[in-house]
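Peer 1: The chain contents come next:
2 protein chains.
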Amino acid sequence: MKPIPKAVISRLPLYVRHLEDLAAEGVRTVSSGAIARSLGLTDAQVRRDLATFGTFGRPGIGYPVAELGDALRAILGLDRTWQVALVGYGNLGRALLAYGGFPRKAFRIVAVFDTDPAKIGRKAGDLVVEDGRSLAGRVRRLHVPMAILAVPAAAAQEAAWQLVRAGVRGILNFAPVRLEVPDPVVVDNIDFAVSLKQLSFHVRARGGEKMHGSEPRP
Amino acid sequence: MKPIPKAVISRLPLYVRHLEDLAAEGVRTVSSGAIARSLGLTDAQVRRDLATFGTFGRPGIGYPVAELGDALRAILGLDRTWQVALVGYGNLGRALLAYGGFPRKAFRIVAVFDTDPAKIGRKAGDLVVEDGRSLAGRVRRLHVPMAILAVPAAAAQEAAWQLVRAGVRGILNFAPVRLEVPDPVVVDNIDFAVSLKQLSFHVRARGGEKMHGSEPRP
Chain A
1 MKPIPKAVIS
11 RLPLYVRHLE
21 DLAAEGVRTV
31 SSGAIARSLG
41 LTDAQVRRDL
51 ATFGTFGRPG
61 IGYPVAELGD
71 ALRAILGLDR
81 TWQVALVGYG
91 NLGRALLAYG
101 GFPRKAFRIV
111 AVFDTDPAKI
121 GRKAGDLVVE
131 DGRSLAGRVR
141 RLHVPMAILA
151 VPAAAAQEAA
161 WQLVRAGVRG
171 ILNFAPVRLE
181 VPDPVVVDNI
191 DFAVSLKQLS
201 FHVRARGGEK
211 MHGSEPRP
Chain B
219 MKPIPKAVIS
229 RLPLYVRHLE
239 DLAAEGVRTV
249 SSGAIARSLG
259 LTDAQVRRDL
269 ATFGTFGRPG
279 IGYPVAELGD
289 ALRAILGLDR
299 TWQVALVGYG
309 NLGRALLAYG
319 GFPRKAFRIV
329 AVFDTDPAKI
339 GRKAGDLVVE
349 DGRSLAGRVR
359 RLHVPMAILA
369 VPAAAAQEAA
379 WQLVRAGVRG
389 ILNFAPVRLE
399 VPDPVVVDNI
409 DFAVSLKQLS
419 FHVRARGGEK
429 MHGSEPRP
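Chains as they are written, first to last, in my numbering: chain A, 1 to 218; chain B, 219 to 436.
Hints are computed from structural coordinates only; laboratory data are not their basis. It cannot be assumed that every hint is accurate.
DSSO-like cross-link-like pairs, simulated, lysine-lysine; straight-line CA separation at most 27 angstroms [claimed, not checked]: (1) A:K6 with B:K323; (2) A:K105 with A:K6; (3) B:K341 with A:K123; (4) B:K341 with A:K119; (5) B:K337 with A:K119; (6) A:K123 with A:K105; (7) B:K323 with B:K224; (8) B:K341 with B:K323; (9) B:K337 with A:K123.
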């Protein structure tokens, strides 16, 4: 298979979620145009994206919802269960453990770590918060391939090194720092500030600033 | 100015942050190659991106760090303070209010709302949690142009309608639902599941699965 463009990969989860929604509604086939409208894309883009993965669509019939969903899930690695370690059990860690949006079958948080003595040993959902000092050993024994990093910025790089040494290959990083990791470890940064900045750009570009500035109107 | 491609906009905050880091280190000029290496981009891409906004680079000298940073901040709308309402004060809301990564000068959370009677009236940083039922009126009086939505999925759409009615033009949505909003309101979704799915794709693509699968090795 040819390398898949990054932009296409970034849209894949959206297709999967939409196809799952359609399947749940009992829809069996869907046109590229209908997918495009639902996801705010163009018809041509949807057809081009999906053609990257093989010939799914049938002229006049559309895409088979279940088959296409399964194929995209497999491409994303969602046909297996990924065990995930959660590092950091502050407010963000708690929110992530309780987050209703993770597909439970695909991702399972199997261990939670924190270095705060007041948290260690306490319940965290069905788990118990483990001592962050035992992070590397525990993650290695559990053979966890992915981790979510929800620690303060100052603690993130050290935690990342420990995860990498323990064999973790993918890190979802919420700390507002740029992590250094060796190949082939992948880091995906969720940076709330970047999102806010993009949003402020769009609000300004659409005239939102003039409509509703930060100074009270007379 | 021509419309700026979405991909360029998504990289703008990264440039700004990097330029701010450089300025803090006392760096006065920087080459496109050095920026590219720091951000994991190609030299050509950096030069193309920055050329979108005007002629900043000088051959043999590089980009003026402070001047370029100011220009990009202005383009992003970061040369003013955006007042932001935080809707939902659960674990995620708490984490966002305490988040160290927001540039304080550009974004200021000026009101926090929740519908839980146990939370209303309690302190939230320097603020006090306000009754979610007064959301629309308060946001309108405060003339807040942006909001962060950190409520459960089931409550998100109703909260979004109230925000829109109150004049909010940009919503950073953390609830795992697709919000319907009228033009010209902009929604930016932060979907943790999408990020995990992209990460699992990359881990699999780089052979991480074979190196460290979910089944314990013998």
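Peer 1: Now tell me if each hint is right for this structure.
Peer 2: Okay, the hints, checked on the actual structure:
In summary, the hint linking A:K6 to B:K323 is not supported, as the alpha carbons are separated by about 33 angstroms, beyond the 27 angstroms threshold. Between A:K105 and A:K6 the alpha-carbon distance is near 25 angstroms, which keeps this suggested pair within the 27 angstroms criterion. Proposed proximity of B:K341 and A:K123 is supported: the alpha carbons are some 26 angstroms apart, at most 27 angstroms. Between B:K341 and A:K119 the alpha-carbon distance is near 23 angstroms, which keeps this suggested pair within the 27 angstroms criterion.
For the hint linking B:K337 to A:K119, the alpha-carbon distance of about 22 angstroms falls within 27 angstroms, and the restraint holds. Under the criterion of a C-alpha separation no larger than 27 angstroms, the hint pairing A:K123 with A:K105 is consistent with the structure, at around 22 angstroms. Proximity of B:K323 to B:K224 is assessed by CA-CA distance (about 25 angstroms); at most 27 angstroms being required, the pair is judged to hold. A threshold of 27 angstroms between alpha carbons decides the hint, and for B:K341 with B:K323 the separation of about 22 angstroms falls inside it, so the pair holds.
Distance restraint check for B:K337 and A:K123: the Cα-Cα separation of roughly 23 angstroms lies within the 27 angstroms cut-off, and the hinted pair is therefore satisfied.
Figure legend: structure checked against the earlier numbered hints; the only hint not met is number 1.
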